[in-house]
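Colleague: What follows is each chain in one-letter form.
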Amino acid sequence: MKRLRFLGLASGLALTAALCASEVRAEELTGTLKTIKESGAITLGYRDSSIPFSYLDDNQKPVGFAMDICYKIVDAVKKELKLDKLEVKLNPVTSSTRIPLLANGTIDLECGSTTNNAERQKQISFTNTHFLTASRFVSKKASKINSIDDLKGKTVVSTAGTTNIKQLTEANAARSLGATIVPAKDHAEAFLMVETDRAAAFVMDDILLASLVAGSKEPNAYVISTDAFSKPEPYGIMLRRDDPAFKKVVDAATAALYTGGEGQKLYDKWFMQKIPPKGLNLNTPIAPELKAEFAKPSDSPDPDSYKSM
Amino acid sequence: MFANFDFDVIRRSLSYLFLDGMTFTLTLTALSALGGLVFGTLIALLRLSGSRLLGRVAGLYVDFMRSLPLVLVIFWFYFLVPYLGQWLTGASRPIRVGAFASSLITFIMFEAAYFSEIMRAGIQSISKGQPAAAYALGLTYRQTMRYVVLPQAFRNMLPVLLTQTIVLFQDTSLVYVLSITDFLGAASKVAQRDGRLVEMYLFAALVYFVISCFASFGVRRLQARIAVVR
Amino acid sequence: MNYHWNWHIFFEPDPSGSGTYLDMLLAGLWLTIATSICAWIIALVFGSIVGVLRTLPSKAASWFGFVYVEFFRNMPLLVQLFLWFFALPELLPRSWGLWLKQLPHAPFYTAAVGVGLFMSARVAVQLAAGIGALPRGQKMAATALGLTTAQAYRYVLLPMAYRIVLPPLTSEFLNTIKNSAVAITIGLIELTGAARSMQEFSFQVFEAFTAATLMYLLINVVVVAAMRFIERSVAIPGYIAGK
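Chains as they are written, first to last, in numbering that gives the first Met the number 0: chain A, 0 to 308; chain B, 0 to 229; chain C, 0 to 242.
Among these hints, one or two may not hold up.
Cut-off 30 Å, straight-line C-alpha distance, at most; resulting in silico cross-link-like pairs (BS3-like, lysine-lysine) [claimed, not checked]:
#, chain 1, residue 1, chain 2, residue 2
1, A, 143, C, 100
2, A, 139, C, 58
3, A, 216, C, 58
Residues on chain C that point at chain A, a partial pick, calculated with CB under 10 Å [as the list claims (entries may be wrong)]:
#, residue
4, 92
5, 96
6, 147
7, 148
8, 149
9, 150
10, 195
11, 199
12, 200
13, 209
14, 228
15, 231
Treat the hints as calculated values from the structure; they're not laboratory data.
Keep in mind that this is a model prediction, so the values were computed, not measured.
The beta carbon of each residue, even a glycine, is placed where N, CA and C say it ideally should be.
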């Protein structure tokens, strides 16, 4: 019997590190709001190099357009739960870990550059769209790759776990390009592969490509294709499915942000002014479709539903 | 050959590399080694306990953990632990587990399998006369293990345990696959942000090499000093 | 538990259009086996050379063997793979570097060489221990019979040493197979990488990893059984290594 107690003690000890205290059943709160109220903390997922949405600045602190939006959501949650203090924890995510980490509770909100589409909505939810972008590729001017068909037989890189790598894989099969597709862990690594001539092209959302090119050592050496793999698709901040109470708070916060004009101010801060770490100005005026969406916020995954006014 | 390399990037990122990265790596190594040792010793005791069922279960655990690549185990635990926590506590949602806690659990559970084999060899190397004498003196199983067998086994296997810890120190670099900022992860982030792959990776290799070398050297000297004459 | 199980995912087509998810995993399995075998061959060749060097009477040889082993043992495998994959092409003359970078299947070759050399240090240590475990009289008798050092190793020492270290070499081969998974970081889509890709495209985390786990267990069982068979068939009756 002593040995069984040992066994019980051992397994308990080993897994104690994983267990948070969970006792008090809050009255009407459910889901994420309940967890936040009980723990007094909310965890945001951030990206390494999704400039300018969510990336690390020179001091390795996560900053960006999506980060600012998330902080506004946190303020709204704090007000809603009537908390004096709400601790904000930050957890790094990559394109391939963001959905599992959201589903398993490690993060409460994913603040990055995640494309909102119907397939993903089977696993998680999105709040109101904060950007629209199409899938393109960047290559060195010297390689003279102008269209998607020019990718025939080349090595093409994309970031693992993104809609872009999926679109690239499907296009590769549909158009019989015979391209070698290499997955990279994050955008910076993928861009580096093009920079060091390891890959001929990097397929990604055009805004992220533009930011990476602008921040590179020789921006003029690169060209972003005019060919696109998809129509402009919406970015949304992710949250867990089947959590209507939390979604209501988040949707209300983002809608208020966009319709109230502060959304436009945040947009200008990250797209029309100098941003850390190198003081680049992306100089990308707001697209008419996005402006229309800010006036009437929507979390639709359908690219066709975003029309200019 | 080294013409257009910018080694200054190392100097500029030193504080980030060591304060953020190396502290994570060393903390993870130390805590995992301790946890793995405790858990591993328990497993070794189970295997040697004479109970067929427990021995079998413990044996299966060890064989299972030792057949899988650490990378796969890291992925498993990172995604699985919150669900396990939910199941264990009967909560309505998966328990929130951070990157550090998840890595810690992964390494403790994984290294326990290796530490248990080392401790099992250590316990078995103690002559049967020792526990026999202890029982003759009226000590219980618990007391025998705690005061007679385990201290001797531990002392005998200390060099091997420390060598396994050095291996663990190197294995912590694999949390890279989760983009966690250990020492190598930190070096990688700087490398990719500034495009200075060669400089950062060479530096990281040098640091790991120096630390491991010194540690192995220390273990060798320790081995010479504590060798018990039989 | 709000996770949607779907065990039929294995039979659904994957986005690359080249088959089902199961085919993707099997392709990864095949790559794991191929990488491990290539790496193991490299490890055996280099490890044997260095192992022998460590036991030679020449001081220079044993010093070289010592440095070689310490070099490969004191750096994590991941760091070594990064050095081979990222740093080496940049340090070579530009055209060689470019050729290396644009080699088709570059991750495969890099992984085989990187893992192979890493494991060669361990093989060297095992073999040196095996040679050291032989009675001193063996080498002396060989010299007395007029065999040169090379012949002594080839006909007397190594055959016995290999048989002695066959069990530890089996576990080193299993380690090689496990270490091949680290190559996921340089873009090799071996079994763990394929499971990861499957998880990323289909969101079915646990199904993908369960399949990968089962396949690794299967590899283990097959390798252990095969090595036991080899051990029995080369065993010399009457010796420690035999039955």
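Colleague: Could you run down the list of hints and mark each one as holding or not?
Modeller: Hints, one by one, checked against the model:
At roughly 19 Å between alpha-carbon atoms, residue 143/A and residue 100/C fall within 30 Å of each other, so this suggested pair holds. Restraint check for residue 139/A and residue 58/C: not satisfied, since their Cα atoms lie roughly 53 Å apart, outside the 30 Å limit. Of the pairs offered as hints, the one joining residue 216/A and residue 58/C is violated, with about 50 Å between alpha carbons and a cut-off of 30 Å exceeded. Look at residue 92/C: its Cβ only gets to about 14 Å from chain A, farther than 10 Å, so that hint breaks.
Using the Cβ-Cβ criterion of 10 Å, the hint placing residue 96/C at the interface with chain A is satisfied: the shortest such distance is roughly 9 Å. Proximity of residue 147/C to chain A is violated relative to the hint, the smallest CB-CB distance being about 48 Å (cut-off 10 Å). Evaluation of the residue 148/C hint against chain A yields a violated restraint, the C-beta minimum of about 46 Å exceeding 10 Å. The interface hint given for residue 149/C is violated, since its Cβ lies 43 Å from the closest Cβ of chain A, which is over the 10 Å cut-off.
Annotation: residue 150/C was flagged as interfacial toward chain A, and the flag is violated, the nearest CB pair being 48 Å apart, outside 10 Å. Proximity of residue 195/C to chain A holds as hinted, the smallest CB-CB distance being about 7 Å (cut-off 10 Å). Hint status for residue 199/C: holds, given a least beta-carbon distance of 4 Å to chain A, under 10 Å. Hint status for residue 200/C: holds, given a least beta-carbon distance of 6 Å to chain A, under 10 Å.
A cut of 10 Å between beta carbons decides the hint on residue 209/C: the least distance to chain A is about 15 Å, and the hint is violated. The criterion of a C-beta within 10 Å of any C-beta in chain A is not met by residue 228/C, whose closest approach is roughly 36 Å, and the hint is violated. For residue 231/C, the interface hint is violated, the least distance from its beta-carbon to any beta-carbon of chain A being 36 Å, above 10 Å.
Checked against the numbered hints above, the structure violates hints 2, 3, 4, 6, 7, 8, 9, 13, 14, 15; every other hint is satisfied.
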